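The primary structure of each chain is shown beneath.
Number of protein chains: 2
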Amino acid sequence: MGDLLSEARSLDDSDQLSCFRDEFVSIEPDLIYLDGNSLGRLPKRSIEIANDVIARQWGVQLIESWKTWIDLSTTLGDRLSQSVLGAKKGEVVVCDSTTINLYKLALSIIKEQRGDKEARKKIVIEADNFPTDRYIVDSLAQEFGLEVITLPVDDSQTISIDLFEEAFDEDVIFGCFSALSYKSGARIDMAAVNSIAQGVGSRVIWDLSHAGGAVVVDLEGTESQYAIGCTYKYLNAGPGAPAYLYVRSDLIEAMENPIKGWFSQDDQFEMAEKYSPKSGISRFCTGTPNIFGSYLVGAGIDLIAEATIEALEAKGHALGDFFIKGFEVELKDLGFSLASPKDQSLRGSHVSLSHPRARQITSELIDHGVVPDFRTPSLIRFGFAPLYQSFIEISRAIQVIREVTIGMR
Amino acid sequence: MGDLLSEARSLDDSDQLSCFRDEFVSIEPDLIYLDGNSLGRLPKRSIEIANDVIARQWGVQLIESWKTWIDLSTTLGDRLSQSVLGAKKGEVVVCDSTTINLYKLALSIIKEQRGDKEARKKIVIEADNFPTDRYIVDSLAQEFGLEVITLPVDDSQTISIDLFEEAFDEDVIFGCFSALSYKSGARIDMAAVNSIAQGVGSRVIWDLSHAGGAVVVDLEGTESQYAIGCTYKYLNAGPGAPAYLYVRSDLIEAMENPIKGWFSQDDQFEMAEKYSPKSGISRFCTGTPNIFGSYLVGAGIDLIAEATIEALEAKGHALGDFFIKGFEVELKDLGFSLASPKDQSLRGSHVSLSHPRARQITSELIDHGVVPDFRTPSLIRFGFAPLYQSFIEISRAIQVIREVTIGMR
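Chains A and B supply the protein sequences, listed in that same order. Each residue of the first sequence is one higher than the last, beginning at 1 in my numbering. Each residue of the second sequence is one higher than the last, beginning at 1001 in my numbering.
Think of the hints as simulated: they come from the structure by calculation, not from any bench. All values reported here derive from a predicted model rather than from experimental measurement. C-beta: ideal position from N, C-alpha, C; glycine also. There may be inaccurate statements among the hints.
Quick list of in silico lysine-lysine cross-link-like pairs, DSS-like style, CA-CA up to 25 Å [said to hold, decoys possible]:
| # | chain 1 | residue 1 | chain 2 | residue 2 |
| --- | --- | --- | --- | --- |
| 1 | A | Lys67 | B | Lys1044 |
| 2 | A | Lys122 | B | Lys1274 |
| 3 | B | Lys1278 | A | Lys121 |
| 4 | A | Lys111 | B | Lys1278 |
| 5 | B | Lys1088 | B | Lys1278 |
| 6 | B | Lys1111 | A | Lys274 |
| 7 | A | Lys111 | A | Lys342 |
| 8 | B | Lys1121 | A | Lys111 |
| 9 | A | Lys274 | B | Lys1044 |
| 10 | A | Lys274 | B | Lys1278 |
| 11 | B | Lys1111 | A | Lys111 |
| 12 | B | Lys1274 | A | Lys121 |
| 13 | B | Lys1111 | A | Lys44 |
| 14 | B | Lys1111 | A | Lys122 |
| 15 | B | Lys1122 | A | Lys111 |
| 16 | A | Lys44 | B | Lys1044 |
One-sided excerpt, in silico: chain B residues whose CB lies under 8 Å from chain A [unchecked claim]:
| # | residue |
| --- | --- |
| 17 | Ser1038 |
| 18 | Ile1054 |
| 19 | Trp1069 |
| 20 | Arg1134 |
| 21 | Ile1406 |
Take a look, some chain A residues computed to stay more than 12 Å from chain B by CB distance [claimed, not checked]:
| # | residue |
| --- | --- |
| 22 | Leu17 |
| 23 | Glu28 |
| 24 | Glu64 |
| 25 | Asp96 |
Based on the provided sequences and hints, a complete structural model is requested.
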């Protein structure tokens, strides 16, 4: 362990992002929080921002504040595009939840081909899609009599590109994949999969929940068409902050939001009798947006913009590599196996280990001040949020995992 | 004006709820805020609560807090049922927006009769339905080839009960009405309309946005089947706080949430491959809920529970009566007409005046420290939130309205 510790110290010393650790509210000094991939930590500035939104914007300015609030979904979307997602202005909106945003996109795409005699009949997903994505896709498939093809994840936790090639044909409406698996953190080559899908006139909806703020997504460079994602993980916007939705600009006007709420209505406050959608991405808004959560998304975006997403990805990978090194030296002999890709270019910012007693070990770890999370049946996920994680935390975590596991024998 | 002023003083002196005014954060001393029907004011306790949620629950306890947060939608729903809506335990859930909640209920009801040869073909709404409700109903009607019947509002701003009798027949799937009109504040006799609808095997979805927290709704006593509503008006939960959804207990199990997110999944964290809905009202949850907003809903419910909804309704009516008296004495000769029912039992907690120059008058009033709101084309809405409004504010508002209008001549 001595070697790991001194290496951690040296890595922390040369970490250009270490100053960002101080941007977050302190937690208990002995706590090692490795669950930023589930719920990101609280940025200090978010306390001030929340207080301003509540005490001044709501408390004092009251209804007057709607003049600013009314455009938040799109102004935040533009900031997210620029600093986190690599999309263009007017392509992203911040609203609703990931679940609802996926529902809107998937249903809109399915309905676009209605009345078409050559209508496509299949949707492709992967075995590791996040449950809410699977439930939404499955239920729409059932509703419209479509077949769902599920791509298996192989032993290396990735999906062979050949499987995408095989699955996409001219009968596939769209594929829905997590850019980073919530289980293994495995990364899909978005550009390659987009190219395969678009080569047969199909499309892909990307779930960026575990990718946004952790790795360089580059929606434009990868020629992505549709995406959704949440903001409470690496974007540190707090529990239940609003999600985002992306549609490539040239595809927006053909789409119809199936949930036609007043925030998607052109000239909203004219209160027109008939629905007429806004032009542009804000047609995907629905009801009154969550204003507090929106401002906290703004704080999260700013932090990423300041650190730069490129530097964050690099540090996330270094943290993961260091953890895997610790696993190989200290944990491999205790029944753990690596359940994430070893190659950093195939990974996001969390690393999973599997162990037959994963549930119990997770619980013991939490009792000992190390907080990963458990995913059924045998996975422990260790999230390394590059904005606030230190290498020394990882070396200490490795030590605690070893001690706890030995103690349970 | 002298008479009005002294009457206001005397009414304030005998106001049993006047102590609740101090429960709200002070606004500028000269500001008369009459827009609580659009965005309620900030309760002092909400600042502390928000700070606790952010700094302690999120900032320090982090992921551990999900143990409490996970049930918020239903625990809040139960508190709302008991103190505000007159529903039973297990019938209300707090989640999403009013728009999305209406979409879920309406689509679920429409789909329930699918495959039925005798399927009903009509939906009944009223001309004054809030736009988002109309857009949702219209779009679903179009989607499923249904006819929308719109009941006209008569000169007294109400809808004759005869019109409901005429409209509801055995071909009506459901009606969707605002219990209180967003324009006029006119109140519909929910029990009577429920009885008419149910008499022909039909149903009603009530939008309680302007009623919840302002008047006694009594969902159980009125034999209501379905309802939705927002929390940022008389529930004072802040901009974009989550909305609520009610289904009478005996009707829940037959319904299917069309948006099958993971928060509606039985044994959610088992992350099962196949969707299987929760039993009970929480099957209407969708994605990760807005936690900050949820806690602020809790603060709003508590205030209403302390004041009691019966006392609030009585005071709201008294405030409205006093305003109408002021209108008759001071404003009638200046081109204003009453655009709300004069009879308090037919009204909620806001009163509207119409005037040919309503837009300009509203703008002038705001410049002079009186904040109502304008609704196109010629309506000024004056909201009287019984928790924090005083009679003296109303007498001062009447005076300012008179002065401003005379000054514009």
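Legend entry - Violated constraints from the hint list, given by number and in increasing order: 3, 4, 7, 9, 10, 13, 21, 23, 24, 25
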